[in-house]
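Dock chain Z against chain S, hints included.
So the chains spell out like this:
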Amino acid sequence: MAVSKQPLPCGLIAFVKRDCPTCELVEPALGQIATGDEPLTVYTQDDLSFPSVVVAVDDTDLSMSWHHDIETVPTLIRADADGTELERIVGWNRDQWQAFTGMPEVGMTLPEHRPGCGSLNVDPTRADELNARFGTSKLSTRRVQFAELEDEIEAMYDRGWSDGLPLVPPTEARVLRMIEGTTRSPDEVIGVVPPDLVEVTLEKAAVNAVMAGCKPEYLPVVLAALEAICDEAFNMHGLLATTMGVGPIFVVNGPIAQRIGMNSGINVFGQGNRANSTIGRAVQLIVRNVGGGRPGDVDRACHGNPAKVGLAFAEDEAGSPWISLAEERGIAPGVNAVTALCTEGPHIIVDQLSRTPESLTNLIAESMRTAIGPRMVLGVDALLVLSPEHMARYRSARWDRARFRAELEQRLIVNSDDIIRGHNGIDEGLPEGFAGLELPKFRPGGLHIAHAGGPAGLFSMVFNGWVSGPKGSVPVTKEITG
Amino acid sequence: MTTVLDPTNEATPTRIEPSTRPESLAGLTIGLLDISKPRGDAFLDRVETRLTELGSTIRRYAKPTFAKPAPVDMRHEIASECDAVIEALAD
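Line by line, the protein sequences are chains S and Z. If you read the first sequence in my numbering, its first letter stands for residue 1, the second for the next number, and so on. If you read the second sequence in my numbering, its first letter stands for residue 1, the second for the next number, and so on.
Rather than coming from a laboratory, the hints here were simulated on the basis of the structure. Virtual Cβ for every residue (Gly too), placed ideally from N, Cα, C. Hints may be right or wrong, so weigh each one.
What the hints assert, rightly or not - Chain Z residues, not near chain S, derived (Cβ > 12 Å throughout):
(1) ASP6
(2) ARG46
(3) VAL47
(4) THR52
(5) PHE66
(6) PRO69
(7) SER80
(8) ILE86
Stated by the list, open to error - Restricting the straight-line Cα-Cα distance to at most 25 Å, the calculated cross-link-like pairs of lysine-lysine (DSS-like) are:
(9) S:LYS471 / Z:LYS37
(10) S:LYS471 / Z:LYS63
(11) Z:LYS37 / Z:LYS68
(12) S:LYS138 / S:LYS215
(13) Z:LYS63 / Z:LYS37
(14) S:LYS5 / S:LYS215
(15) S:LYS471 / Z:LYS68
As the list claims (entries may be wrong) - Here are some, though not all, of the chain Z residues that point toward chain S, as calculated from beta-carbon distances under 8 Å:
(16) MET1
(17) THR3
(18) VAL4
(19) ALA11
(20) THR12
(21) THR14
(22) LEU28
(23) THR29
(24) GLY31
(25) THR65
(26) ALA67
(27) LYS68
(28) ASP73
In isolation and in its complexed conformation, chain S is listed as follows (with noise of 0.2 Å):
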């Protein structure tokens, strides 16, 4: 409940903490102002027994210095008697006090100058707490009681807003705290997000990102993928619709990757990176709580998998010899950016006695022709995530991406009399009118290609799609911004 303003009383006021020496120090000048002519008021925002040269007045609560926009201690303010401000000084300068206060022997013994302390209404790990409790909420969002004997972990479960892990209760103080992620608008249009096909703003989506555990500083990238996937083209309505088990996964590329710090190395899908495994999370659970998306309802998956709980990661572009999966994407270098595909869990690609490039493209070659069925071609994209070592091996040849790629495509040609229906006595497959083609196993555009994992380990990892491109899932690659 938002505590009133309350006026200032008439004559000079001053806020003081005893956690301050310049405070201490200027006890002494108190004093002699509170002999002045100017009736004298001191809040005292930690300690009733300071200052003791006068009867300080209790503002432990911080009311008056958070009503006021106290920033500094010790603060002298002058008010008429309507209680309005007239003017202020912060910090000790003599001369300043002198000339303020019309006293010429204040703090005579003291020294010239002395900066002040923060003010404890502005203390980083206070100040949210004091919005929520004084500020007129800039927040819109319906608020959720729950009642005293209800364990508020519980309580959450009970509402259906969980993905079945527990949630950080999303007070308003800690939604607050979000918000300071970005300097973007509460009330900002963030997307439209399927199924039900309606708009998150930043403040709905920062809810959700507390629920999931993020920190303010991941904000701006759940942005971002949160644009990504609410981007027509993603298709996230299919994505959840479909019986295959895929769900939107994120790659982070740019500085704000390390800034904040995503995981690009060892276990790089795995547990143990509150980043990696918040930043995801925040966007299912605005699909789940906004967008109305939830298991058995619009999202028919057969089996699902792991990931859809919510996976991110960041690129290891400090430890690759090629440009990024963005800058490929039309990022330009040391741009932060997210890209969303649609696709599976991980498969790992074994291959640890290869030693040139051209029997490491080969192995990657045969394996991605398996993507979602040997059977199947031009049907989904795949995100490739090449390992560190596996990488050495085109780094030491010096094969560029591009060289890389072209290598890749050309071994993924398939011909189509191989995978046609009824060869070695297999049903599945394509009609018999394609026999006799060389078609590639992806569409152009198709494959995709990343860098990250530990040090050790001559694996890489494919992350099969669904139906690509505009039938399907297009990757959307949004820039993060502030």
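This is chain Z only, laid out in the frame that chain S set:
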């Protein structure tokens, strides 16, 4: 007592009742919607034969791709031209 912010879309869903089931398909116009999955046409061809025998008028529709919702115009077309619709989901 904890107060949290509602993570949902805060919408109150509108409930739309399904249309009344016709007692007979004879004389009605029936839409057959192929979602463009393999063999949907085989299923709908057979349904068309059987319904024509019953005296229904058949109109055939096909989604451009099974991977996306039917276009709004197509949904409107079916609703305005047909008394009932049968959709073939199958492979």
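**Study point:** Hints breached by this structure
**Key:** 1, 5, 6, 14, 20, 21, 22, 23, 24 and 28
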